[in-house]
Amino acid sequence: MTLVSLRGVAKQVLLPDDSRLDILHAVDLDVDAGDHVSIVGRSGSGKTTLLNILGLLDSPSAGDVWFGDESTLTMRAGRLDRMRGANVGFVFQQFNLLAGRTALENVAMPLSYASGASFWKRDALAAAMLDRVGLSHRMSSLPDRLSGGEQQRVAIARALVRNPRLILADEPTGALDVETGASVMSLLDEVAAESGAALVTITHDLHVAARARRHYRLDTGVLQPVDLDHAFAASTHAEPAATAIESGAPE
Amino acid sequence: MTARFSLAPAAGALSDAWSELRVHKLRVLLSLIGIAVAVGALTAVVALGELQRQVMAEQSDRYGGRIATIMVGATRDDGAPMNWDAMDARFERVAERYNFSRTSRIVDGAVTVPVQLTEGVTQLPSRLVDPDYAAMHRLTLLEGRWFVDEDTDLLAPPVVISEALWDMIGRVPVAQHPTLTMTGDLAGSYQVVGVTPRDGPWDTTPRVDLMYDTYRERLGAIPSDVAVMREIWVPPTIVDELGPVLAMDLRAGAEPGLTITVNRTDWGAQAGFADSALIFQLVTGAIAGIVLLLGALSLINIQLVAMRQRIREIGVRRSFGATSGRIFTSVFLESVVATTVAGTVGIVLVVLVMRSDWVVELMFPGIQDVPPFPFAAAITGLIASVIVGAIAGLIPALVALRVKVIDAIRF
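Residue numbers (our numbering), protein chains in the order written: chain A, 1 to 251; chain B, 1 to 411.
Please note that the accuracy of each hint is not assured.
Computed from the model, here is a short list of chain B residues facing chain A with C-beta under 10 Å [to be verified]: (1) Gly12; (2) Val23; (3) Pro206; (4) Leu282; (5) Arg312; (6) Gly315; (7) Arg317; (8) Ser319; (9) Gly321; (10) Thr323; (11) Arg410.
In short, the hints are calculated from the structure, not lab data. All values derive from a computational prediction rather than experimental measurement. Virtual Cβ for every residue (Gly too), placed ideally from N, Cα, C.
Isolated chain A, as found in the complex:
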């Protein structure tokens, strides 16, 4: 079943000199429930804009975004906010944990925008989620007392605490060393698979991208499927080949 569907999505922004910058061109993408999609692309290719549109944080200049069987085009801002809160979990490159709040408070934060039992039992739910990511001993720690890997695990717990149907990870290992990044990605894959949520990962890292079942490349606003085997093969050789993906080399 298709969870999110982008149909001919384009995004343009007006620059200060009144010229237009095209960020996305006629992007079509379907993400199914439980799917795992990776999108690679060089800096400035529009990856984050695409992720924001998928996460209902931004709206397209043209085209349509369907969430489930509803078009989001005409939805009011408040409804979009609530839909995003209930269905989407974000994992950011820089973790974006709330400073001064403990790990438990950070994980409980999304539940404070829920209603019913999720709201009133938010601390217990957050504690269980932290336990799931192996941080039950760090619940009272502030973000600046946690290592990078631990912070990202807290961020993963936060993204999953409301049982979202879609997890959007923007360079989730970008601020971590290779080993820590790998363990964080394993955890993210694991908990996403457990909850049956779809996972869309944006990354520069081919190893991270390779964890997905479907792979896309975004180049100057155009989204195309990519065969990572070629990219891997190229990356193990000379430098020009290592930048194959970034330069948009043919598949």
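Put chain B on the given structure of chain A with help from the hints.
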């Protein structure tokens, strides 16, 4: 369960606001000291206004009588001598129907008494009154007691003297039963039972207060050329209706040539008094208002600077489902909760200070009836705290509303 659903957003917004205040304790504390001081100042001003009004009222009571005092006077315009005993009888006859709780005849300033002092017999100003006079004029004594009804039975009639006269007779303690000797028609020994304090350092008048009846008995009658007034203390709620009726009753059947006047003399009847109290309160209130405004500006300033640092946090919250309304409410409530807490602290401190007898005595020497801390002052302070919080919270909340999520999480 339905109630829980509806309560969650409000409870969540309040919880967010409180959590924000808790996390940024130092910033909040610094910004709120000004608010606590300003709200405390505003509360103190309102409370001081009440105390000042009480002091002014008490001072006025000493001259014109307490609220509400009616003064009855009588004159003859046909040149015939005034018969004060007949006037007394007329008043008593009418008063029977009214059942007045306190009345006093007064002769003030028109009578002197010859007192034997060390430098010889000296004519001293005297005041002739009835026992009720003290209660009606908030008279306090420096020493001893005031007249009581039974004093008319004493063989040595009592007198109450002013502090200046007490100094002249060597400040002999009242407990040692000092006496005054008078000559002439009033010849005899008078027991000093009380001493009235000076009104201030300027008050050097040696005065003798005598009971009206004592003076009358010694002289046989009150001289006809002396003006005798009679004051009546009545409830303020009925004074306006009572005055004209009483005047009519007193004048009924009066012989030709006798003019009876009935006036209200207490400060409550003077428009100027209320005006001056209002002006005092307006001026001090305006000053406190300016202080409060400065406090609010400083809070807005700090909140706005803090808001710059919170843009990313707002973006993160928005990306996890916080609606713009929820962000607005949380930021707005932060200020309101903070200033309400600060204002309450300010109010409590002011109440503690103002309830101290020592402070009240120091600021308002001589005040008799210290009014309870005015509830209105505390409420005014609390309302001011909430309003300042709302004003100071509105601008940062509007800024928070304008935060673009996609920019904020990249910030």
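Okay, the hints, checked on the actual structure:
1. Gly12: Since the shortest Cβ distance to chain A is 5 Å, the answer is holds.
2. Val23: Given a least distance of 4 Å, the restraint on Val23 (chain B) holds.
3. Pro206: 75 Å, violated
4. Leu282: 44 Å, violated
5. Arg312: This hint holds: Arg312 (chain B) lies near chain A, its Cβ roughly 7 Å from the closest one there, short of 10 Å.
6. Gly315: Nearest chain A Cβ about 8 Å off; hint holds.
7. Arg317: 7 Å, holds
8. Ser319: 5 Å, holds
9. Gly321: 2 Å, holds
10. Thr323: 4 Å, holds
11. Arg410: 7 Å, holds
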